[in-house]
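Visitor: Here the protein sequences come in this chain order: A and B. With the first letter of the first sequence counted as 1, position 76 gets the number 76 in the working numbering; the numbers rise by one all the way through. Throughout, the working numbering is defined as the position within the second sequence, counted from one, plus 320.
Hints were generated in silico from the structure; no laboratory data involved. Any given hint could be a false lead.
[What the hints assert, rightly or not] On the chain A side, residues computed to face chain B include the following (Cβ under 8 Å):
#1 GLU187
#2 PHE277
#3 GLN280
#4 THR302
#5 ALA311
[Stated by the list, open to error] Here are the simulated EDC-like cross-link-like pairs (lysine to aspartate or glutamate), alpha carbons at most 20 Å apart as the crow flies:
#6 A:LYS295 - B:ASP350
#7 B:LYS399 - A:GLU315
#8 A:LYS222 - B:GLU409
#9 A:LYS287 - B:GLU353
#10 A:LYS300 - B:ASP361
#11 B:LYS374 - B:ASP350
#12 A:LYS54 - A:ASP99
#13 A:LYS278 - B:GLU409
#14 A:LYS278 - B:GLU353
#15 A:LYS295 - B:GLU384
#16 B:LYS399 - A:GLU217
#17 B:LYS399 - A:ASP316
#18 A:LYS278 - B:GLU384
#19 A:LYS306 - B:GLU393
#20 A:LYS287 - B:ASP350
#21 A:LYS278 - B:ASP350
#22 A:LYS306 - B:GLU384
#23 A:LYS287 - A:GLU265
#24 A:LYS306 - B:GLU415
Each residue gets a CB set at the ideal place from its N, CA and C atoms; glycine is no exception.
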Amino acid sequence: MTNLLWLQGGACSGNTMSFLNAEEPSACDLVTDFGINVLWHPSLGLELGENLKKLLNALTSGQMPLDIFVFEGTVVNAPNGTGEWNRFAGRPMKDWVTDLAKVAGYTVAIGDCATYGGIPATAPNPSESQGLQFLKRQQGGYLGTSYRSKAGLPVINIPGCPAHPDWITQIVVAVATGRGAELSLDEFQRPKTFFTSFTQTGCTRNMHFAYKVSATEYGQRKGCLFYDLGCRGPMTHSPCNRILWNRQSSKTRAGMPCMGCTEPEFPFFELAPGTVFKTQTLMGVPKDLPSGVDKAGYVKLTAAAKAASPAWAEEDIFVV
Amino acid sequence: MASASDESLRSRIIGLLTSGLATDVYPRADSHEQVQRLVCDLRLAGDDLEAKLKLAGFTSYPIEHAGITQLCETCMYYKVHQRFCELPELNVPVEPDWSCKLWRI
Ligand code: SF4
Ligand code: SF4
Ligand code: SF4
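Starting from the given sequences, assemble the full structure and let the hints guide the process.
Guide: Here you go:
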């Protein structure tokens, strides 16, 4: 059996909801097929009060092995670095995080908040929130740059707001079945298997992106959302159009822009009015261009592609 | 394909632009905030065609700004085959070599 403990800091429970909706494998499969023993989880844990404290103390003392420590939400340090705003089982949650991370075989951050600080860490960050090993783009976070779990790995980050259910369970299974050492992580400690391609990879609107045909309203049956509606698909690393949501669709397929939730700067522009779902431009040119593309190249390519666009690209293409 | 009503509206706009309708060509809407303000003003103008053309700084020729030629033909709101501006607040037939302050690529 592999012991897994899931705790929640400054969080909305979105990743818990996501986890409970996992299908391949499901949360039940983790227990029945992969021998994972969920010691405690905010929605599934049976123990309360003193019994929960006993369990946590057994883990921190080494009496019971903690193979996988999953953390959802930010580490709350307010007020004034004490962490008293987020108490759990008799002490600040951040103190549990310190002690549990020391004994964990693997430490896994689920969702943006645990990874980078996410929405709670947006300025002015009243809860003094941090991610486990990052604060936005800056490495370090609560556990510090040099933190390594017992298996010798830094925190495994699975960002997303929320993370896709299958990203969570597939990584947990990989770790539980002894394949943790094979995980290759990127500069933000995200498993490369999920976070090397872009949200745009597999988007059904790629033809419209190529021919520079813009969607001007949500849910339109044609057009790409990059040009006007702020889609961050071309510069966001996620498999949202490869591993579909609910096995059915994705935000961009349904005509809603990607908000770039797997990247450290999310929420972008600190949620200033007028910045959400609106492409930010300077003199008519998008401020954030597709990854690796420069302004001169973008302008040239766009003009040429637009001139070459076929008539069908301007008509509804996803006809029901 | 452009419809007959598009063609008649296009002729009307050409008439207005060539008969000296003074539009607010400058200053260009460079920043995101300027664009947002302009879009709000256009919403308030509703169906008043002349007001919309004036606010948006329509010209029947291209405008060169910051080293880039801003013309409908390369604008994101331009539908090449219908010669139509799809920006919901404008929503008018145009010509490829026209320009306005809401140009974006
Ligand atoms: S809608 Fe977004 S993800 Fe899809 S092609 Fe356009 S920019 Fe890319
Ligand atoms: S489509 Fe974009 S915003 Fe939506 S979940 Fe994927 S990365 Fe996040
Ligand atoms: S927004 Fe302006 S430049 Fe762009 S197509 Fe419409 S009228 Fe032309």
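Visitor: Indicate, hint by hint, whether the structure satisfies it.
Guide: Quick rundown of the hints versus the structure:
Given hint, A:GLU187 at the interface with chain B, is violated; its Cβ is 29 Å from that chain's nearest Cβ, farther than 8 Å. Because the closest C-beta pair between A:PHE277 and chain B is about 13 Å apart, greater than 8 Å, the hint is violated. A hinted interface residue such as A:GLN280 counts as satisfied when its beta carbon comes closer than 8 Å to some beta carbon of chain B; here the least separation is about 5 Å, so the hint holds. Given the 8 Å rule on beta carbons, the hint for A:THR302 holds: about 5 Å separates it from the nearest Cβ of chain B.
With its C-beta approaching chain B no nearer than about 4 Å, A:ALA311 sits inside the 8 Å limit, and its interface hint holds. Restraint check: the Cα-Cα separation between A:LYS295 and B:ASP350 comes to about 16 Å, which is no more than 20 Å; the hinted pair holds. Between the alpha carbons of B:LYS399 and A:GLU315 the distance comes to roughly 10 Å, so the proposed pair stays at or under 20 Å and holds. Using a Cα cut-off of 20 Å, the hinted pair A:LYS222 and B:GLU409 holds, with the two alpha carbons roughly 19 Å apart.
For the given pair, A:LYS287 sits about 13 Å from B:GLU353 by alpha-carbon distance, which is consistent with the 20 Å threshold. With a C-alpha separation of about 31 Å, the suggested pair A:LYS300 and B:ASP361 falls outside the 20 Å cut-off, and the hint is violated. With a C-alpha separation of about 17 Å, the suggested pairing of B:LYS374 with B:ASP350 holds against the 20 Å cut-off. With a CA separation close to 14 Å, the supplied pair A:LYS54 and A:ASP99 stays within the 20 Å bound.
Our distance criterion of 20 Å between C-alpha atoms is met by A:LYS278 and B:GLU409, whose separation comes to about 15 Å. This hinted pair checks out: A:LYS278 and B:GLU353 have alpha carbons roughly 11 Å apart, not beyond 20 Å. Taking the CA atoms of A:LYS295 and B:GLU384, the gap is about 17 Å. The hint holds against a cut of 20 Å. Of the supplied pair hints, the one linking B:LYS399 and A:GLU217 holds, its CA atoms being roughly 15 Å apart against a limit of 20 Å.
Proposed proximity of B:LYS399 and A:ASP316 is supported: the alpha carbons are some 13 Å apart, at most 20 Å. For the hint pairing A:LYS278 with B:GLU384, the CA-to-CA distance comes to about 25 Å; that exceeds 20 Å, so the pair is violated. Of the pairs offered as hints, the one joining A:LYS306 and B:GLU393 holds, with about 8 Å between alpha carbons and a cut-off of 20 Å not exceeded. Pair hint A:LYS287 plus B:ASP350 holds up; C-alpha atoms about 12 Å apart against a cutoff of 20 Å.
A hinted pair counts as satisfied when its Cα atoms are at most 20 Å apart, and A:LYS278 with B:ASP350 qualifies at roughly 15 Å. This hinted pair checks out: A:LYS306 and B:GLU384 have alpha carbons roughly 19 Å apart, not beyond 20 Å. A hinted pair counts as satisfied when its Cα atoms are at most 20 Å apart, and A:LYS287 with A:GLU265 qualifies at roughly 15 Å. With a C-alpha separation of about 15 Å, the suggested pairing of A:LYS306 with B:GLU415 holds against the 20 Å cut-off.
Checked against the numbered hints given earlier, the structure breaks hints 1, 2, 10, 18 and satisfies all the rest.
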